[in-house]
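**Q** Take a look at the letters that make up each chain.
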Amino acid sequence: GENVEQHPSTLSVQEGDSAVIKCTYSDSASNYFPWYKQELGKGPQLIIDIRSNVGEKKDQRIAVTLNKTAKHFSLHITETQPEDSAVYFCAYPGPGRRALTFGSGTRLQVQP
Amino acid sequence: DTEVTQTPKHLVMGMTNKKSLKCEQHMGHRAMYWYKQKAKKPPELMFVYSYEKLSINESVPSRFSPECPNSSLLNLHLHALQPEDSALYLCASSQEGYRTGGEKLFFGSGTQLSVL
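Here the protein sequences come in this chain order: U and W.
Quick note on the numbering used here: the first sequence kicks off at 1 and runs consecutively.
Quick note on the numbering used here: the second sequence kicks off at 1 and runs consecutively.
Okay, chain W solo, but in the shape it has when bound (with noise of 0.2 angstroms):
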């Protein structure tokens, strides 16, 4: 299984909503990953996890809470959101646990997220 598995594909929320994404990975990877992509921009890094630990936080706003429970998954809490909080949110993993930013990711296809 060399895939990043993230559900769902689309999520609408109102800004009084919680909600989680999920991302799940099997290849025995040890650092995990959450994007911000808004359209037509690139990825931003929010959240790095390795050895399932907060390696870094990109001063992302509390709104956002992440979480991994273990190795393999990945989850981000969403609560009272904002509008401009619509985009898509990418999960990735790298093999070896975080250390310098050279890890090679592979990422999942997104969970599409508009907050009405």
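Isolated chain U, as found in the complex (with noise of 0.2 angstroms):
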């Protein structure tokens, strides 16, 4: 999506191993990234957000952290098992702070 990327577009884990994901984005005035994750044949299913006052949230084996400075967020994974196997996509609220725009998506795989 305009104004965030994120990288890589694929990745390749063994089961058990860590998995992260990044994105960066433009607009300084952005104060909420999550995170969504689809599963084929679903929609987009928020997994973790967080907002600009704090630098890291946990959520079990789900983490994100946000870097303002120099404006980039990233979703860790550890611990991944086969049903993570999914798109995973960073969304933020665009320029002007219109409805979300996501990153172009992350195909993640993990092999058992």
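Hints are computed from structural coordinates only; laboratory data are not their basis.
Check each hint, because a few of them may be wrong.
[Said to hold, decoys possible] Below are the DSBU-like pairs computed for lysine-lysine, each with C-alpha atoms no more than 35 angstroms apart in a straight line:
| hint | chain 1 | residue 1 | chain 2 | residue 2 |
| --- | --- | --- | --- | --- |
| 1 | W | Lys22 | U | Lys37 |
| 2 | U | Lys71 | W | Lys38 |
| 3 | W | Lys104 | U | Lys37 |
| 4 | U | Lys22 | W | Lys104 |
| 5 | W | Lys53 | U | Lys71 |
| 6 | U | Lys68 | W | Lys41 |
| 7 | W | Lys41 | U | Lys57 |
| 8 | W | Lys104 | U | Lys42 |
| 9 | U | Lys58 | W | Lys18 |
| 10 | W | Lys9 | W | Lys22 |
| 11 | W | Lys38 | U | Lys37 |
| 12 | U | Lys71 | W | Lys104 |
| 13 | W | Lys19 | U | Lys42 |
| 14 | W | Lys40 | U | Lys58 |
| 15 | U | Lys22 | W | Lys38 |
| 16 | W | Lys53 | U | Lys37 |
| 17 | U | Lys42 | W | Lys41 |
| 18 | U | Lys37 | W | Lys40 |
Reassemble the complex: the two chains are provided individually, in unrelated frames, and hints are given to aid placement.
**A** Okay, here's the thing in structure tokens:
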């Protein structure tokens, strides 16, 4: 999506390894940074989000970190499992604080 | 009920047809959204309704016509579509009315549309 770059586009890891996906944004006024997971045949599902007044947020095996100075935020998945295989999108309120703009997506494959 | 329900799941239509996509939520959410998603691409915003009023129209062609009859329902009326309009159409809702784009979105599973 415009103004948010997401890397990598594909990521393959072994079960039990960690996975990290990074997004870089351009609007320094942005203050909300969610991550969505989309499984085949389904709509995106919010898995974790962070607001700009904190640097890190964890929920079991998932964490999001935010570096406002460098204007990037990352999704960390530890102890990956086959059911983590999906497409992950970062998102943020794009220029003009409009509704969410999505990153280009990362296809994560966890090999059993 | 924590679901956003979209019907139909699949739709095939000709370029001269008129069809409608439907979306329903019973979570009491006050904003509803239409997104379009092409294969292997991210969702792209089309329309936002907040408190049943159209808040955002992302310069979508007039062959797509949204309608929000009440706070629980959202329709997308389709007329004279082109083959390039074939995509997954996703509906979403958020608890609060649209304000700054910082709302948590709840998505339906989408309608896979094919235009022949």
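**Q** Measure nothing beyond the straight line between the CA atoms of W:Lys9 and W:Lys22; if it is 35 angstroms or shorter, mark the hint as holding.
**A** holds (10 angstroms)
**Q** Hey, U:Lys68 versus W:Lys41, does the alpha-carbon distance stay inside 35 angstroms?
**A** holds (26 angstroms)
**Q** Do the alpha carbons of W:Lys38 and U:Lys37 lie within 35 angstroms of each other, as the hint requires?
**A** holds (16 angstroms)
**Q** Measure nothing beyond the straight line between the CA atoms of W:Lys41 and U:Lys57; if it is 35 angstroms or shorter, mark the hint as holding.
**A** Holds. W:Lys41 to U:Lys57 sits at ~27 angstroms (cutoff 35 angstroms).
**Q** Is the straight-line distance between the alpha-carbon of U:Lys37 and that of W:Lys40 35 angstroms or less?
**A** Holds - the C-alpha atoms of W:Lys40 and U:Lys37 are around 14 angstroms apart, at most 35 angstroms.
**Q** Holds or violated: W:Lys104 and U:Lys37, Cα atoms, limit 35 angstroms.
**A** holds (13 angstroms)
**Q** Measure nothing beyond the straight line between the CA atoms of W:Lys19 and U:Lys42; if it is 35 angstroms or shorter, mark the hint as holding.
**A** holds (22 angstroms)
**Q** Sort out whether W:Lys38 lies within 35 angstroms of U:Lys22, counting only the CA atoms.
**A** holds (22 angstroms)
**Q** Keeping to a limit of 35 angstroms between CA atoms, is the pair of W:Lys53 and U:Lys71 held or broken?
**A** Since the Cα atoms of W:Lys53 and U:Lys71 sit roughly 33 angstroms apart, the hinted pair holds (cutoff 35 angstroms).
**Q** Holds or violated: are the alpha carbons of U:Lys22 and W:Lys104 at most 35 angstroms from each other?
**A** The given pair, whose Cα atoms are some 20 angstroms apart, holds under the 35 angstroms limit.
**Q** Given the hinted pair W:Lys22 and U:Lys37, is their Cα-Cα distance within 35 angstroms?
**A** Holds, at about 23 angstroms.
**Q** Straight-line Cα separation of U:Lys58 and W:Lys18 no greater than 35 angstroms?
**A** violated (47 angstroms)
Of the numbered hints stated above, the single one contradicted by the structure is hint 9.
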